[in-house]
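Starting from the known structure of chain U, fit chain B onto it as the hints suggest.
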Amino acid sequence: MNTLELASGLSGRVVVTLGGEAVAQVKDVVFDGPAGRITGFTLSGRGLLAGPMKRSLPFSGVHAIGPSAVMIAGETVFEDRDAVVGRGEAEHGKVLGAPVLTEHGTGIGTVADVVVETGASGRVVGFEILAEDHLDRRHRKVFVPRGEALAVSGEALVVPAHAQHFVADDLPSFAAQAEAFLTHTRRPGGGRPS
Amino acid sequence: MVMWWVWLVGLVALAVLLAGAAVVVQSRRRSGTVITVRRGRTGGRAGGAR
Numbered sequence: 001m002n003t004l005e006l007a008s009g010l011s012g013r014v015v016v017t018l019g020g021e022a023v024a025q026v027k028d029v030v031f032d033g034p035a036g037r038i039t040g041f042t043l044s045g046r047g048l049l050a051g052p053m054k055r056s057l058p059f060s061g062v063h064a065i066g067p068s069a070v071m072i073a074g075e076t077v078f079e080d081r082d083a084v085v086g087r088g089e090a091e092h093g094k095v096l097g098a099p100v101l102t103e104h105g106t107g108i109g110t111v112a113d114v115v116v117e118t119g120a121s122g123r124v125v126g127f128e129i130l131a132e133d134h135l136d137r138r139h140r141k142v143f144v145p146r147g148e149a150l151a152v153s154g155e156a157l158v159v160p161a162h163a164q165h166f167v168a169d170d171l172p173s174f175a176a177q178a179e180a181f182l183t184h185t186r187r188p189g190g191g192r193p194s
Numbered sequence: 001m002v003m004w005w006v007w008l009v010g011l012v013a014l015a016v017l018l019a020g021a022a023v024v025v026q027s028r029r030r031s032g033t034v035i036t037v038r039r040g041r042t043g044g045r046a047g048g049a050r
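Protein chains in written order, with this note's numbering: chain U, 1 to 194; chain B, 1 to 50.
Only chain U is shown next, with the shape it has when bound in the complex (with noise of 0.2 Å):
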């Protein structure tokens, strides 16, 4: 598994050609709620004064997502707003803050991250959610798994029920939690830890 990082941590981040010219700067990430992918990226200008950009960045233009920039091989691959995301899709498609439900309709937190996969496959691999009672008592943020059949929507995201048996307390452990949601679900008769 490549390194993993909050969906939020990549707003602001620079766009950089190969080129070395720093040519905008990311403002909203916009994943594939059915495909569990980031689909791209809308831009902001770099200037003090600069708004949101007309143009877009869609993730089959981008060449890396590093610590520091997010890097493309030059504005070409900008394509225009509405092919990552429609004025509509932004509007009722903000999932953050959002409610956390099991498939049994049991609440267990609100979202407060989108934890995505960096290096070339972009994928949504879990989810930081702002814990309620059923799930932790000090309400504290923790880490969820995403499950392979995710239903996610701007008003709410439905996970599996055992997805609440590979919750982690911070990033690094994460990534071994959701492997192994991963591996047991991909088990046959996977769905339930033994």
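It is worth saying that the hints were derived from the structure and are not from the lab.
Only a predicted model underlies this, so the values are computations on that prediction, with no experimental measurement involved.
Don't be surprised by glycine CBs; every beta carbon is placed ideally from N, CA and C.
Just to be clear, a hint being listed does not mean it is correct.
Among chain U residues calculated to face chain B with C-beta under 7 Å, some are [to be verified]:
1. Ala7
2. Lys27
3. Val29
4. Asp32
5. Pro52
6. Glu89
7. Ala90
8. Gly93
9. Lys94
10. Val114
From the structure, some residues in chain U lie toward chain B, with a derived Cβ separation under 8 Å [as the list claims (entries may be wrong)]:
11. Ser8
12. Val26
13. Val30
14. Gly33
15. Pro34
16. Ser44
17. Leu49
18. Leu96
Just chain B now, kept in the frame of chain U:
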């Protein structure tokens, strides 16, 4: 006689307020979030980043 510097101070304060408001407005316009879309299982090519 002292009125001229009162006007000057007021003008500078107004300029600072306007500049601060402009910075706050622009920072809010540039601040980002995480958005989910539903574009099917083909959304986001896995081999996009090299």
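Hints and how they fare:
The criterion of a C-beta within 7 Å of any C-beta in chain B is met by Ala7 of chain U, whose closest approach is roughly 5 Å, and the hint holds. Interface hint status for Lys27 of chain U: upheld, as the beta-carbon distance to the closest one in chain B is roughly 4 Å, under 7 Å. This hint holds: Val29 of chain U has a C-beta 5 Å from the nearest C-beta of chain B, less than the 7 Å allowed. Checking Asp32 of chain U against chain B by beta carbon gives a least distance of about 3 Å; that is within 7 Å, so the hint holds.
Given hint, Pro52 of chain U at the interface with chain B, holds; its Cβ is 6 Å from that chain's nearest Cβ, closer than 7 Å. Contact between Glu89 of chain U and chain B, as hinted, is supported at the beta carbon level, the nearest pair being about 5 Å apart and thus within 7 Å. At its closest, the beta carbon of Ala90 of chain U sits 6 Å from a beta carbon of chain B; the interface hint therefore holds under the 7 Å criterion. Because the smallest distance between the Cβ of Gly93 of chain U and any Cβ of chain B comes to about 4 Å, under 7 Å, the interface hint for this residue holds.
For Lys94 of chain U, the shortest C-beta to C-beta distance to chain B is roughly 5 Å, which falls under 7 Å, so the interface hint holds. Because the smallest distance between the Cβ of Val114 of chain U and any Cβ of chain B comes to about 5 Å, under 7 Å, the interface hint for this residue holds. Among the interface hints, the one on Ser8 of chain U holds; its C-beta lies about 6 Å from the nearest C-beta in chain B, closer than the 8 Å criterion. A hinted interface residue such as Val26 of chain U counts as satisfied when its beta carbon comes closer than 8 Å to some beta carbon of chain B; here the least separation is about 6 Å, so the hint holds.
Evaluation of the Val30 of chain U hint against chain B yields a held restraint, the C-beta minimum of about 5 Å falling below 8 Å. The restraint placing Gly33 of chain U at the interface with chain B holds, with a minimum CB-CB distance near 5 Å, inside the 8 Å limit. Taking 8 Å as the C-beta contact cut-off toward chain B, the hint placing Pro34 of chain U at the interface holds, the least distance being around 6 Å. Checking Ser44 of chain U against chain B: minimum C-beta separation of about 4 Å stays under 8 Å; hint holds.
A hinted interface residue such as Leu49 of chain U counts as satisfied when its beta carbon comes closer than 8 Å to some beta carbon of chain B; here the least separation is about 5 Å, so the hint holds. Hint status for Leu96 of chain U relative to chain B: holds, with the closest Cβ pair at about 6 Å, below 8 Å.
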